[in-house]
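Student: The primary structure of each chain is shown beneath.
Number of protein chains: 2
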Amino acid sequence: MLSKNQIKFVNSLKQKKNRTEHNLFIAEGIKIVPELLLSKIKVKQIFASSDFLNITNIDKDIECIEVKLNELERLSALITPNEVLAVCEIPEYELNNVDFNDKLTLVLDNIQDPGNLGTIIRIADWFGIENIICSNETADAFNPKVVQATMGSIARIKVHYIGLAEFFENYQKSYSNKSAGRKPEGIHIYGALIDGENIYNSPLASNGFIIIGNESKGISNDIISYVTDKISIPSFSHSKSADGKAESLNAAIAASIICSEFRRGRSLNTNAY
Amino acid sequence: MLSKNQIKFVNSLKQKKNRTEHNLFIAEGIKIVPELLLSKIKVKQIFASSDFLNITNIDKDIECIEVKLNELERLSALITPNEVLAVCEIPEYELNNVDFNDKLTLVLDNIQDPGNLGTIIRIADWFGIENIICSNETADAFNPKVVQATMGSIARIKVHYIGLAEFFENYQKSYSNKSAGRKPEGIHIYGALIDGENIYNSPLASNGFIIIGNESKGISNDIISYVTDKISIPSFSHSKSADGKAESLNAAIAASIICSEFRRGRSLNTNAY
Numbered sequence: 021m022l023s024k025n026q027i028k029f030v031n032s033l034k035q036k037k038n039r040t041e042h043n044l045f046i047a048e049g050i051k052i053v054p055e056l057l058l059s060k061i062k063v064k065q066i067f068a069s070s071d072f073l074n075i076t077n078i079d080k081d082i083e084c085i086e087v088k089l090n091e092l093e094r095l096s097a098l099i100t101p102n103e104v105l106a107v108c109e110i111p112e113y114e115l116n117n118v119d120f121n122d123k124l125t126l127v128l129d130n131i132q133d134p135g136n137l138g139t140i141i142r143i144a145d146w147f148g149i150e151n152i153i154c155s156n157e158t159a160d161a162f163n164p165k166v167v168q169a170t171m172g173s174i175a176r177i178k179v180h181y182i183g184l185a186e187f188f189e190n191y192q193k194s195y196s197n198k199s200a201g202r203k204p205e206g207i208h209i210y211g212a213l214i215d216g217e218n219i220y221n222s223p224l225a226s227n228g229f230i231i232i233g234n235e236s237k238g239i240s241n242d243i244i245s246y247v248t249d250k251i252s253i254p255s256f257s258h259s260k261s262a263d264g265k266a267e268s269l270n271a272a273i274a275a276s277i278i279c280s281e282f283r284r285g286r287s288l289n290t291n292a293y
Numbered sequence: 021m022l023s024k025n026q027i028k029f030v031n032s033l034k035q036k037k038n039r040t041e042h043n044l045f046i047a048e049g050i051k052i053v054p055e056l057l058l059s060k061i062k063v064k065q066i067f068a069s070s071d072f073l074n075i076t077n078i079d080k081d082i083e084c085i086e087v088k089l090n091e092l093e094r095l096s097a098l099i100t101p102n103e104v105l106a107v108c109e110i111p112e113y114e115l116n117n118v119d120f121n122d123k124l125t126l127v128l129d130n131i132q133d134p135g136n137l138g139t140i141i142r143i144a145d146w147f148g149i150e151n152i153i154c155s156n157e158t159a160d161a162f163n164p165k166v167v168q169a170t171m172g173s174i175a176r177i178k179v180h181y182i183g184l185a186e187f188f189e190n191y192q193k194s195y196s197n198k199s200a201g202r203k204p205e206g207i208h209i210y211g212a213l214i215d216g217e218n219i220y221n222s223p224l225a226s227n228g229f230i231i232i233g234n235e236s237k238g239i240s241n242d243i244i245s246y247v248t249d250k251i252s253i254p255s256f257s258h259s260k261s262a263d264g265k266a267e268s269l270n271a272a273i274a275a276s277i278i279c280s281e282f283r284r285g286r287s288l289n290t291n292a293y
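If you're matching them up, the sequences are chains E and B in order.
Okay, so the first sequence: first residue is 21 according to this note's numbering, each after it adds one.
Okay, so the second sequence: first residue is 21 according to this note's numbering, each after it adds one.
Any given hint could turn out to be false.
Identical copies carry no separate label here, and so any pair may be met within one copy or between two of them.
[Claimed, not checked] No farther apart than 25 Å at their CA atoms in a straight line, the calculated lysine-lysine pairs in the DSS-like style are these:
# : residue 1 : residue 2
1 : Lys237    : Lys165
2 : Lys34     : Lys165
3 : Lys24     : Lys165
Just so you know, the hints here were simulated from the structure itself, not pulled from any lab data.
With the hints as constraints, model all of the structure from the sequences given.
Tutor: What follows is the structure, encoded as structure tokens:
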């Protein structure tokens, strides 16, 4: 039996200011919650059907509250609640200790749509990208819509929020220090831009940053100066002027094609070259 | 000034049975409606702000109704209506006259999510794929959510609905007839499957069919026997068993990566090989 306070508290976590205040977020469903239970993310409370509680291995220090479906509906952010809702701690990831020089990292400049952000986190997971650096204006990764769209990848991918100009500025400085005064020439900062080089023809490094811009405005002006390599996905649209043609790709679609291009070389049969 | 009947009629087109009965669909916004006006799709009615009606070139045989924003809200399927809503005829595309032998065609086996379907139609447009063949169980391409997600590509891409087993059966027969009894050996039917060949290593033809399966069930059993080439997108996820790993990609994301792989060869500098 749920108390009014429990219902009120869980629902309050659908708003960012309350998530920030309590450092908690919610995740739902029999796909995502079990993945969170196996991950490093700290699960605090579970509201679930007796079926779910009976078959799932849950640590003793997690508070479990058995609920009926109609009670779950009063907590859920989903149209069709699915057996379980978990309240979890928002993880804190240290940005300063990450060595970005030997890995590929996604940078999101003001991605607004929660579905796009969640899908990009899932893509990063698939392509073995551990960190995503988001501008402070990017949608909140712990918004319930984002969490659900990640399909569990939120448990594995480190999502950082920071001013991007500040981040690149500091990154360049620290790199210069480590490299005895040398500029970070070896590190590529790729930007997805309409006037970029055809990505299929471009040499792509196995490390560096890939910046994906806002859904309608692209990469912002104060970031663009940090881009070392402009890349674009060419269109194969039949351009009959009367009919118009596709003008752009969705941000998550562009991210997926770009990540695929960066990774494909690693799986190619070397005999083929 | 809108009449009650106008409001009722436009809203009725949000349901498939009414779209089918009247052979009409709705499209909204200053990005999509102008593209429809330029396309072969027949626009019947436009409900729009005076601003939109003043700056847009609209054929005289299209009925234009000037509306205020609060009136548009009573018609719209969007949370934030955007200046204009058009009522258009659902186009009829002839499947029998299409020569599929010299082109690449997407086949959707029971894609359910309207956002995924709309995004896939937009991807097809970007990659110059003219036709999409959908199983009868696939979401309706003229659902307002799909139309909006295509960002105008619904005006250019021919979306057909048919039983897929029937389609492939007839296709093989007609191909055999044309080729004096020969089996359609030259035509590839690619299927995106978990146990498929690594797509990055696979030879990909410039013509043929690419089947994308349902979001959770994949390609259905009665279609799988027609697949000549099983392909898959390998994961680069760091597989630490305790953390789990990404198990799948969203259907639209998979479609985008596959289309990119099929097309990339056409834009490569031939000197590179």
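Student: Hints first: check each against the structure and report whether it holds.
Tutor: Quick rundown of the hints versus the structure:
1. Lys237 - Lys165: Answer is both: 22 Å inside a copy and 23 Å across each meet the 25 Å cutoff.
2. Lys34 - Lys165: both (9 Å within a copy, 24 Å between copies)
3. Lys24 - Lys165: Intra 24 Å, inter 35 Å, cutoff 25 Å: intra-copy only.
The earlier numbered hints are all upheld by this structure, with none contradicted.
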